[in-house]
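There are 2 protein chains.
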Amino acid sequence: MTTISSTQKDAVRMVLDAVKSSGRTSLTAPEGKLVCDAYGIPVPGEGVAKSAADAAGMAAKMGFPVVLKIVSPDILHKTEAGGVIVGVKSADDASKAYETILANAKKYKADARIEGVQVQQMIAGGVEVIVGAITDNSFGKLVAFGLGGVLVEVLKDVTFRLAPATKSDAMSMLTGIQAHEMLEGVRGSDPVNKEALSEVIVRVSQLVHDFPEISEMDLNPVFASKAGAVAADVRIVVDFAPKTPRYRPDEADVVKSMNRIMKPVSVAVIGASAEAGKIGNSVMKNLINGGYKGQIYPVHPKADEILGYKAYKSVKDIPGIVDVAVFAIPAPFVAGALIECGEKQIPGAVLIPSGFAETGNMAGQEEIQAIGRKYNVRLMGPNIYGFYYTPANLCATFCTAYDVKGKAALSSQSGGIGMAIIGFSRSAKMGVSAIVGLGNKSDIDEDDLLIFFEQDDNTQIIAQHCEDLKDGRAFAEVAKRVSRKKPVVMLKAGRTSAGAKAASSHTGALAGNDKIYEDVLAQSGVIRARSLRDLLEFARGIPALPTPRGENVVIITGAGGSGVLLSDACVDNNLKLMAMPADLDAAFRKFIPPFGAAGNPVDITGGEPPKTYQNTVKLGLEDPRIHALILGYWHTIVTPPMVFARLMVEVKNEMLAKGIEKPMVASLAGDVEVEEAAEYLYQNGIPAYAYSCEIPVAVLGAKYKWARGAGLL
Amino acid sequence: MTTISSTQKDAVRMVLDAVKSSGRTSLTAPEGKLVCDAYGIPVPGEGVAKSAADAAGMAAKMGFPVVLKIVSPDILHKTEAGGVIVGVKSADDASKAYETILANAKKYKADARIEGVQVQQMIAGGVEVIVGAITDNSFGKLVAFGLGGVLVEVLKDVTFRLAPATKSDAMSMLTGIQAHEMLEGVRGSDPVNKEALSEVIVRVSQLVHDFPEISEMDLNPVFASKAGAVAADVRIVVDFAPKTPRYRPDEADVVKSMNRIMKPVSVAVIGASAEAGKIGNSVMKNLINGGYKGQIYPVHPKADEILGYKAYKSVKDIPGIVDVAVFAIPAPFVAGALIECGEKQIPGAVLIPSGFAETGNMAGQEEIQAIGRKYNVRLMGPNIYGFYYTPANLCATFCTAYDVKGKAALSSQSGGIGMAIIGFSRSAKMGVSAIVGLGNKSDIDEDDLLIFFEQDDNTQIIAQHCEDLKDGRAFAEVAKRVSRKKPVVMLKAGRTSAGAKAASSHTGALAGNDKIYEDVLAQSGVIRARSLRDLLEFARGIPALPTPRGENVVIITGAGGSGVLLSDACVDNNLKLMAMPADLDAAFRKFIPPFGAAGNPVDITGGEPPKTYQNTVKLGLEDPRIHALILGYWHTIVTPPMVFARLMVEVKNEMLAKGIEKPMVASLAGDVEVEEAAEYLYQNGIPAYAYSCEIPVAVLGAKYKWARGAGLL
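Going down the list, the sequences are from chains A and B.
Once you know that position 428 of the first sequence is 775 in our numbering, the rest is easy, because the numbers rise by one and skip nothing.
Once you know that position 710 of the second sequence is 1057 in our numbering, the rest is easy, because the numbers rise by one and skip nothing.
Calculated from the structure, these hints are not laboratory results.
A few of these clues could be false.
Because identical chains share one entry, a pair is satisfied inside a single copy or across any pair of copies.
Below are the DSS-like pairs computed for lysine-lysine, each with C-alpha atoms no more than 27 Å apart in a straight line [stated by the list, open to error]:
{"id": "1", "residue 1": "Lys958", "residue 2": "Lys625"}
{"id": "2", "residue 1": "Lys541", "residue 2": "Lys503"}
{"id": "3", "residue 1": "Lys862", "residue 2": "Lys503"}
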């Protein structure tokens, strides 16, 4: 742990105060050096020697080679005056160089005022890298690392972490760039000192964290070598304009409000209607038909009763406590009704209406945000479909009802994607605990949901679609904790940068918005889905699989062709095919035809009877050296699809009875009967896919990614 | 076009003869220079001047700066003798330098024998690149290009093309590397001379093509600058062992044989059986039940009749002509029966039996290959499921029959993948013209199929799964031609390199097997599928789409969220979102709500009636500046899925009647009813997918990739 003392901070504060009072927005090179010195970031040593002994001592301390230069207000052309000696390699030589320079200077200009001789460490060799920091609108302070030089500018091979970065964050950055091998020593050169280099990263990240007014920073280049890492050039940009920190309620308050909203004892429907086709009617029907057991209070200015429920003119007229109010009224009426909710002390408002920020009505959205804050009403939306919470049989939405209970909580920023979630879930028989629309995210956002689902025993995995994170830093901080307990999957849409951002530093220019999301999500243990289907398949598959206890994956396949594609998919998904131990290889060989290939994949060959699948899969589950199985099934008359599927579930359950549980996925190649077999396997805990070798392996890969991130592997 | 004269070739031949006769496997640096000189590959100029005027003339001719060095057997330490002058920048200076060197030499050693002064061009600056060539087992001679330097060794940023490469191949290599921006001039430097650099690539590729004994070649580095491209170092490795060229029948013969095999007038089934469960029984049943109208001749040693067909003891006993014999007998009996087929002059044998090379029985496979060659019988397999050719209602296979006719011809190296093709095709109602198993590929392989399907009017697209290409060069040559007429899609399995190959050159070491496939397939216009599902979806979707006439793609979406994901997918699939002209923007705006977003995507907003989809899509089809449409549908009560689907098909057909045809794909977000809508759309020529924004765009992207490769865009 890098500890920065108050003295160190004071030194930086002093420099920054000077910059501020002189009205500048960047530091001079000497100021940059002072800041680096204060935070223990190595820069080339330098000093002014007043004697030969002084020069020798200084040089020895800073390390060789050094350069010596005359310091005199009367000698402008130092080299011409013989006032510069480079490549001084020993204390003795430094001492001699000092004398030579003084003699030369006197010869050049006898009456020159001599202030001394500057001794400067000469840095070169090793690998040129860049360490920098930027301030992102959503994520705040980020530290950056990349290789220096023109090629990297072109390739944009750079990686980011939230600042302050831990030592382990920093170490992961060194392997997190494409050209990381450069640091291992290429063409026989020494590897760089990773300890020293990562320490520079940590200290830079601590510096920008401690001094938010440092908006951008570049150490470029940093010379990283076996000996250490030294920043040859320092550039620091500052911005003293005070930032308004985003309001975040206490986590305890979030949990309290969200629990009342998601598991309400009573729901008010503002704008409830008996007229079919109206949103307020759909909401009422979904609440009723969804099987919600709590109180339902329709609110309507005129009706006395709606769909058999007593109606109220205002939420304020409702006799009991109300936990959540679903809004099904036009935008212009929302603010008024929201004030009433506030006065009624309702903790949550589900704002279905559109007509706010998404249509350019910023003022309208700010108005309701202010009301929410004033009365402590949490706002979901506006511009959403509502939400589902299946453990409470709650469909607080105008969309179709959904009731397949399960352990996946999904959310979407967009209504269309929400509908796709519902359709896919129903079609794939994917049980969910919740589906939540976030829409304009005027208040409740992804991190509120993470905080709720973290402590929600009905949820085992959280899968979110988002287009932006209003407060990426808050999300990352929560996600980092939550993802260690429950997998968090995210589909981040809008990967194409909305145009180059103005940036005054090199690091800033390198920061493509999506690269930051990529790195920070990974740093936070979030599994990033690359496509909508991946988001949905991961949400479905990850909770179906037990957590693997190790990295050894084995493929058992009836089709050699599937084996090859499954192996490719393992590489793509960062799964490790176990190197088969000789005894295990022999054990597999006992079950397969002599021309079948053991090794990994275990190719049992086509045309084998059910017994061969049974024996080999059983062995794969029983041997403790194997941690996960990928099955490749080939449809034959000898082992028809459903025979295979039933047998695999039987083997799985037999092993489960013995306390053996390992993740297993399957790829089924065959005629259409394999679809039924895949569904049967999936419903029995073996994620299986027809006509695809890639998807089952991607699902297993996602489970592994989570397990690694959560420190379980 | 680079033309190499016989004189140039003779010069190289002379060098290689000398290398061969001295028993060496590589060329010396001077020999390498001679070879480069002969082929017009620029190397630093050099020569020995005998006078000051000579030196000045030489230097002026080769270009400045130059270095001058004394040439004397009596002066070993040239620098010490004052015999080297670097950085000579003009003819005048060269003349003076000559005199100075002579004077210095005489001063140094009065009696030294002086042979002259060497004048050498000094090369530096610009960008360091590598141009090289290797010999691949499957693809033969390949030319390589990459950036020089340690970083590129690490990043393996290199690209390959078949040699000889055309100028346009070579130009495509310059933009085909990741760091191609480096050649455009970075940090204010000049762009390199692409004309000169690509010419070096062309000439290297011509050289290794003309002289197959050059097995590897490195020009490393080549200094590429505004002025030109000069190879500073030349390394050439040779292998004089003669290669046996692979036998390839004439294309005309391939077409003749394949037409008889795929559209036979009569089929013999060797090993036909009346006993259910036997392969010979399944083949008979599939032929009969599949509806094949030609003659079926069961062959069986004892039976007189099988399933109502007269049986024969041997194919030789069959009275009429036989076009193809399907083998359903164990491996040991194949050779004997194959000889009989040869004697009967049957042009094709479909070898279902396993038990050959795939089980290690190489001798058995070589035996049947020899028989096939001797009698001119083309062999499909062995170790296959057989093949389907639907226009002839022909199911020459032991798998399930398949009869949905369509325009896609698929093939697989593996039986399992073949079954997946059948299952997917049936499930997705994908019509096919053919499904072919290639198995061990003892004879018929992917390029034979390309040659047949190229001229087969029943086929519009060819999609192949393969694990290796026995003769990558033959495939590439055929594919390059065929792909200009019909899309060729390939799923190349086994992307992970089977271990580092021994290679004695730098370029050789850079040649990861898969990178070669990647580049050569692209060079040949082949669309590479990344997964089994992609192969299948491309085979299904590409023929469903008309060919686009330009690059302008427009997204029209009811769900803003889908619009963002569809845009991401466009970037991923190299599709260009049209910059919306102001008048067109205004025209779209007329149809959408004021808060909807025109521009591209055109966001018509959720909750719009069918009319809005209709108007905007119609406009998109009618405006000639738009070339393709991507539709994003959001399931609402106002516009239910099937209403949307029927309307889109209606609009499409209305436009078609006016002669307007543009590719259109759709992404459907909604509840399960969208699945039916997607199917309806697909069956009516609009590839559509539920719960996915990625797949429809990938299909459109594949169509574009083909159109570009075929020169249609």
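Evaluated hints:
Within a single copy, Lys958 and Lys625 get their C-alpha atoms only as close as 59 Å, which misses the 27 Å cut-off; across copies the closest is 20 Å, which meets it. Within a single copy, Lys541 and Lys503 get their C-alpha atoms as close as 21 Å, and across copies as close as 23 Å, so both meet the 27 Å cut-off. For the identical chains of this complex, Lys862 and Lys503 are neighbours both inside a copy (10 Å) and across copies (22 Å), given an alpha-carbon limit of 27 Å.
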